[in-house]
Amino acid sequence: MSQKYKYKPEPALVEGDHDFGSITKLISDIPQQATPKWWYIAFGISNMVLALLLGVVTYLIVQGTGVWGLNKAAGWGWAIVNFVWWVGIGHAGTLISAILFLFRQGWRTAINRFAEAMTIFAVMCAGIFPAIHVGRIWVVYWMFPIPNSMQLWPQFFSPLLWDVFAVGTYFTVSLLFWYVGLVPDFATMRDKVKGKWAKFTYGLFSLGWTGGNRQWQNYEKSYMILAGLAAPLVLSVHTIVSFDFAVSIIPGWHTTIFPPYFVAGAVFSGFAMVMTLMLIARKLYGLQDIMTVNHIEKMNIIILVTGSMVGFAYIMEFFIAWYGGVEYEKFAFINRATGPYAWAYWIMTLCNVISPQFFWVKKFRRSVVMSFILSIVVNIGMWFERFVITVTSLAQDYIPGAWAYYTPTLIDVLTFVGTFGLFFTFFLLFLRFMPMVAMAEIKGVMPQANPAFYENDKMADLAKGPGEQQTGKER
Amino acid sequence: MSKKQNIYGLLAEYKNPAELMNAASKVAEAGYQKYDAYSPFPIHGMDQAMKLKESKLGWIVLIHGIFGLLGGLGLQVLTQSVLYAHNIAGKPFLNLPAFIPVTFELTVLLSAFGAFFGMFYLNNLPKLNKSLFNSDNFAKATDDGFFICIESEDDLFSEGETEKLLLDAGALNIEKIEP
Amino acid sequence: MSNENQRTYWKSLNELAQNEEFVKASEREFPKEASELKDGLSRRNFIQIMGASVALAGLASCRKPVQKILPLRQQPEHMVPGNPLYYATSMPFKDSVYGLIVETREGRPIKIEGNPEHPSTLGSTNVFQQAATLELYDRDRSRHILQGDQQASREEFEAFCAEQFADTDQRIAFISEDSSSPTYLRLKQAVLDRFPNAEWVNHEPFSDENRLLGNEKAFGQKLRTYHHFDQAKVILSLDEDFMQLSDNDVENVKRFSEARRVKSTEDDMNRLYSVESAFTLTGSNADHRLRVKAAQIPLFLNALAARLSESVDGLEAYRNHTNEFSQHAWISVLAEELLNNRGESIVAAGMDHDSDVHATVAAINLALGNAGTTIAYLELPHVEAGDQNQRFAEVTRRLGAGEFQSVVIMGTNPVFTAPSDLNFAEALDAVPVSINLSNHVGETARLCDWHVNKTHFLEAWGDGYSYNGVRSIIQPMIQPLFGALSEVEFLNMVLNGEYTTGYDLVRETWQSFAPQDFEDTWATVLHDGLQEGTSFPAVSVSLANGFTEEAGQVLGQSTPVDEEALELVMKVDSRVYDGRFANNGWLQELPDSITKITWDNVAQISAATARRIGIPDERDFGDLDAHKIRITAGDQTVEIPAWVIPGQADNSITVTYGYGREGFGRVADGVGTDIYPLRTTENLLFHSDVQVERTGEQYAIASTQDHSSMEGRALVREASIEEYRDHPTFAPDMVYIPGEVDEKSISRYTLFDPQDYPENEPQWGMSIDLNTCIGCHACTIACQAENNIPVIGKREVHREREMHWIRVDRYFSGPDEANPQVLHQPVPCMHCELAPCEQVCPVAATTHSDDGLNQMTYNRCIGTRYCANNCPYKVRRFNFFNYTKEYLTTGEDPEVVQMAMNPDVTIRFRGVMEKCTYCVQRIQRGKIETKRETDLKKPADGTVKTACQQACPANAIDFGDLTDTDSQISQIKRNERSYLMLGELNTRPRTSYVAKLRNPNPDMA
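Here the protein sequences line up with chains A, B and C, keeping their order. Numbering-wise (our numbering), the first sequence opens with residue 1 and increments by one. Numbering-wise (our numbering), the second sequence opens with residue 1 and increments by one. Numbering-wise (our numbering), the third sequence opens with residue 1 and increments by one.
Excised from the complex, chain A in its bound form:
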């Protein structure tokens, strides 16, 4: 091993004695093994929570938006908070798969597959809320660009409409991107699985992929272009989501810092969520060799950076509120920290600004337990950030006589909880039936993948191992 490292100062992306075959086996065996018991339990629970979601949403549709804690001042509450939070979660997936790809960050390959999966499921959860939070759900399609009988079209000045397009595009592109990445691995599965139906299904989704270089050529081009498109897209999505607030006139919303601040926050929470899921997955499926401590550390660094950016934004908001000299603005921010919602504000600060600072310490960065705990803390904090922004600004805006305190109802809470049911139901299905790590890409970044690697015979011998014996068997 040690000699191998001589050639590669960077720590190996894949640890342990692995070659192409063993990687394939490691990943493609997971869907072929018997379903583990814990999976059934987890899936059962997720399904129950999903049923709960369906229940409360039905109740909401039957009764009306009044079942939520909204009032004359706070027209938006948990629903929008959850929407922004879930969309934010999604960002990590695209960031990892697109932006890190453009930056040639090989280590992304270990986690991009299910980070992207997470993105798609998170955006699904997010998408529910704008749809159900409207007063007349049955005509929500009027938000789509179709004329009504009076030739009336949607109103394109509205940030909400921008949202429809942004989130819609984001979901679609993420899905395509994800699928493109999956095709070669589906092919691998097709060639690995035994069962007739399994073979057929994987075969169907792999579209007859052979791995010929003429395919790879277009494939790589396409992947690169999609990455190039997804990168600005992911930045634009949370920018536009932040326009919902920034374009308005409400003190505490009407802030130019929102777009970068929201994107940073999104990446922040997204990485935290990926971390949470990854730590569970690598334990359950023994993928420590692929998702190494080095990966964890790299992600923690990003969490630390984005977390500090968010913290900076908090401070900047305050500064501008003071520097701008608008009394309403001033009040809005001082009120956040000292007013009736101060508790939320300080939870937010504690979780988002203070907690990531632990990662300055290498020991914590590389500690699985620490990473797990903090990743959850961060997501709690990010939820509260959205709560603070959405609710405090609305509850107490320009006219004190019209102020109204917002308190969520049980339905609010259950709806939020329910979305986790949706998320994990899909995520568990993904873990069960799909290659959860991009095998082709992992192989692509292994030292053996580089032809230059074989110029040294010694290395070649080292690299042979079981692969060689296998070909031998074929003879």
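Note that these hints are calculated values from the structure, not bench results. There's no promise every hint is true.
What the hints assert, rightly or not - Here are some chain B residues pointing at chain A (derived, C-beta under 7 Å):
hint	residue
1	Ala30
2	Tyr32
3	Leu57
4	Thr79
To be verified - Partial selection, computed: residues in chain C whose CB lies under 7 Å from chain A:
hint	residue
5	Gly220
6	Gln221
7	Ile615
8	Arg619
9	Phe621
10	Phe752
11	Cys841
12	Pro842
13	Asn870
14	Phe880
15	Gly911
C-beta: ideal position from N, C-alpha, C; glycine also.
Starting from the known structure of chain A, fit chains B and C onto it as the hints suggest.
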């Protein structure tokens, strides 16, 4: 040429990416056109080795992107400023700054469609069944095997010489693929 | 909230429809099958109803009088379906009537306005008058004559009367509400002639009796005090809420606000001093307000009288009298003010104070020469000799002693309102035959052998005198919905044992008012609603001999007040009055002007008192729970939530009557707390010393305003009149608005040139004069009536989802937290030209019209609520549930309340946003008529009035076309005090405000 009816082509396996690439360049130099190098992952430099031309995908995407841009802008200008213009918050009917986000999103969306479907079109996928799949060994192409297949369709194809060429290039084994 | 509290208000209108308590009660009264409206409102009857109005159309337009039902299959004159018809009538309230104009649609009265010709309203209204239509369409009104629990027909009752009252010698007790109706009084006299042994007593729980008696003490005659507030430069109000809860409030406000209106720096304004224990609406508009315990007010008055006696004659009794107030700063200042303004001042005391106080007040006014100038003393034809409250107590005692064979109770509801120590219910038991006439099968009706259902004034013939004696007519707008009897028909039936139509009875009376050419006079009266040139004779008063002695004795008995004793002041409520309006959803949901509380009555206490009782003296933002307290007076106890309100006198608790009904109506039942148990013959309105303790219970309060400080923001802008004269443009100068400096530079502050409006279209704008606005909420309820705004119930209001399109924000200001100044600010939609709400709507459901309205398209709205979020003024209202549907379709007989709806206004469904439209339906009607008549697009100034503007008794709201530079509105907007609220946001509101002015006394500063 009667051979061409009974085989699809010759499939040669190579040990590792390096040898595959070296073999591929030999085949290319020999002037073969209808052949391809199969690997579980894209190998850097293989395009040059095979003397492949640049992929046309970029153009497809560009055209889609332009459609998205014009379509997005047109949709908004037509509906909001022309067809059903009304006084919204005293703003001018043609309020371009407000049209930027949707225009951008639609450009990205259309381009993405171009990149996605364009790629499968160029790879003429989906095509669920291929002669290559008749070889059991070929299953390794998506795992850890490296292959070159020269198709009998190729003008230069003659079973003997082609096989020799592939063996000289260091093939571990050679297999006739049924059509 | 504890379950106990859950019970006290219904969760939704659905539940309201099945309000258990009421259902229980009503089922006890009449069996289910009996209580159905179907027969009441079948198609045929409806046509009859319409026919009736057709007949009236004839009357109102001076045609031959018809009193028969016309079938609609003949196209009736004047009646164009879809067009409103207006009739003049009057609303009787206690012993006066108020002149009204009623808008009817297809025979349904749907909206009430003041009668501009009528001095009692001068075209405006108060909340009670606005809510009268819903009163008419109250589903819980009694629908049948009842003998015990059994329904009876009118004929049966007729027969019963004929037989029961055949014996004219029998002793009958007549207990009646106050009434000024000449017909009623004529019949009353006839009754007393026919039954020599009959006893007639008026029971009006909150009559003006004390004032009348006071005047009797002072002038030797029971005289009505008629204030000319417009004539007065200085007004001293001692607990007197002449703006809201005393008789003739509308005229008072009109006159007061005229003297208050300041158009330029040249104008003067009057000065109002208020001395009171709890904030009244009047006190909230005072230039100087002193908070003292109600018990101290007589002392304060005596001290003032003593001081005045040094300078004027007629107050000898008070000379050299001293008490703890003699050295009070206010006394010298007030004395000086009043003396400097002799003949131009008014001293007035509230009806909660005893006759001695009013006697002193009368003497002071006489001494100051106000009598005959700012105050007229009027002789009433219908005044009863002696103290009515004592006489009522006496009659009740005799009832209990079984001295009467029968008792007839008309209009009034003594079982609910009589002093508890009289035990009226028991007394009633002792009478063999009891007959009751009332709108509801209420507390009294249930205990009587016979109950006759009483007509609403909008569905019966009647007449009456206004406060100052203008003889007015009451004509029906619709056939009695439930075939009831009016009080005159009823009384006549008792008298003659046979039915005569109210129409004939009233005409008979009026014959005597116009012996010659009666028909013409009659027609004119029906048309105008009043008889020209009638009024009560004003008496030139002089001190009664012996007054000085009496007053001297009274002074002798006056004892110092124990500061520490907890006093309890019991007032009528600003929404349900004495309880008579308790079943009116509009009024129940109307916020109180000071506390902003709906659906409840609370015990108002000061912060200091709260600390003394041991409950928190302030609330956290968002905490709408109140601590309940137990008030014990004598042997009676009530538990009621306590509400800390600034400006309340320490150690003084104020509660209001009229709540906590049972078996009265679906709306009223279980709402609030009944405090009548605390009312005794000795303490009708006041307990000097009560025990109070906290129960430890919490109780949810539905308040529409959670935060009372303006946070130093320039929302309501005010200055003293001197400051105004020094700096006329103080209001706009408070905030620098970019671009306002010169219009051309606006584009520098906006990224693009805003839309301009078509030349030929009017541009609507509104201005609200905060200087004359008194915060009475008449606008709110007028808007509710005009625009079909649903009643949503306590729980929804408690969740802060009230639907009122025009709210009145109330702020406390000033250095003294214990006794702050009050600011009232009505806030409708601002119809911003650069409306933030419009640009954020994803479906273009809210857009701008060519005449500058910010429109809501209900059909297009999908309910994202983004517009409401982005409205800086927070005037948008959202249908979180299907409020209107529940409001209009629940219960077994929704047709009744549906009749109250305005057909011009769309009903809003669940999930859509709504807001003030500037009464677009009125605007469109105005534009259409103008187009038809003049072929112009711009209605002439004043032809379009919004509902709030029309109702406002203070004329504080102006509305009109801004393109017409001479229009009222344009002139007001040019006023230097006119300013835009939050104008610095560059939303360009069309609704502007005129800054408030105060007229403080320099010596008081």
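Going down the list of hints, with the structure as the test:
For the restraint placing B:Ala30 at the interface with chain A, the shortest Cβ-Cβ distance is roughly 16 Å, beyond the 7 Å limit, so the hint is violated. Checking B:Tyr32 against chain A by beta carbon gives a least distance of about 13 Å; that is not within 7 Å, so the hint is violated. For B:Leu57, the shortest C-beta to C-beta distance to chain A is roughly 5 Å, which falls under 7 Å, so the interface hint holds. A hinted interface residue such as B:Thr79 counts as satisfied when its beta carbon comes closer than 7 Å to some beta carbon of chain A; here the least separation is about 4 Å, so the hint holds.
At about 50 Å, the closest approach between the beta carbon of C:Gly220 and any beta carbon in chain A exceeds 7 Å, and the interface hint on this residue is violated. The restraint placing C:Gln221 at the interface with chain A is violated, with a minimum CB-CB distance near 48 Å, outside the 7 Å limit. A hinted interface residue such as C:Ile615 counts as satisfied when its beta carbon comes closer than 7 Å to some beta carbon of chain A; here the least separation is about 20 Å, so the hint is violated. For C:Arg619, the interface hint is violated, the least distance from its beta-carbon to any beta-carbon of chain A being 11 Å, above 7 Å.
Here the hint on C:Phe621 is kept, as its CB sits about 5 Å from the closest CB of chain A, short of 7 Å. The closest approach between the C-beta of C:Phe752 and any C-beta of chain A is roughly 12 Å, which is over the 7 Å cut-off, so the hint fails. Hint status for C:Cys841: holds, given a least beta-carbon distance of 6 Å to chain A, under 7 Å. Satisfaction of the interface hint for C:Pro842 is found here, the shortest Cβ-Cβ separation to chain A being roughly 4 Å, below the 7 Å cut-off.
For C:Asn870, the interface hint holds, the least distance from its beta-carbon to any beta-carbon of chain A being 5 Å, beneath 7 Å. The restraint placing C:Phe880 at the interface with chain A holds, with a minimum CB-CB distance near 3 Å, inside the 7 Å limit. The interface hint given for C:Gly911 is met, as the beta carbon of that residue sits about 3 Å from the closest beta carbon of chain A, less than 7 Å.
Checked against the numbered hints above, the structure breaks hints 1, 2, 5, 6, 7, 8, 10 and satisfies the rest.
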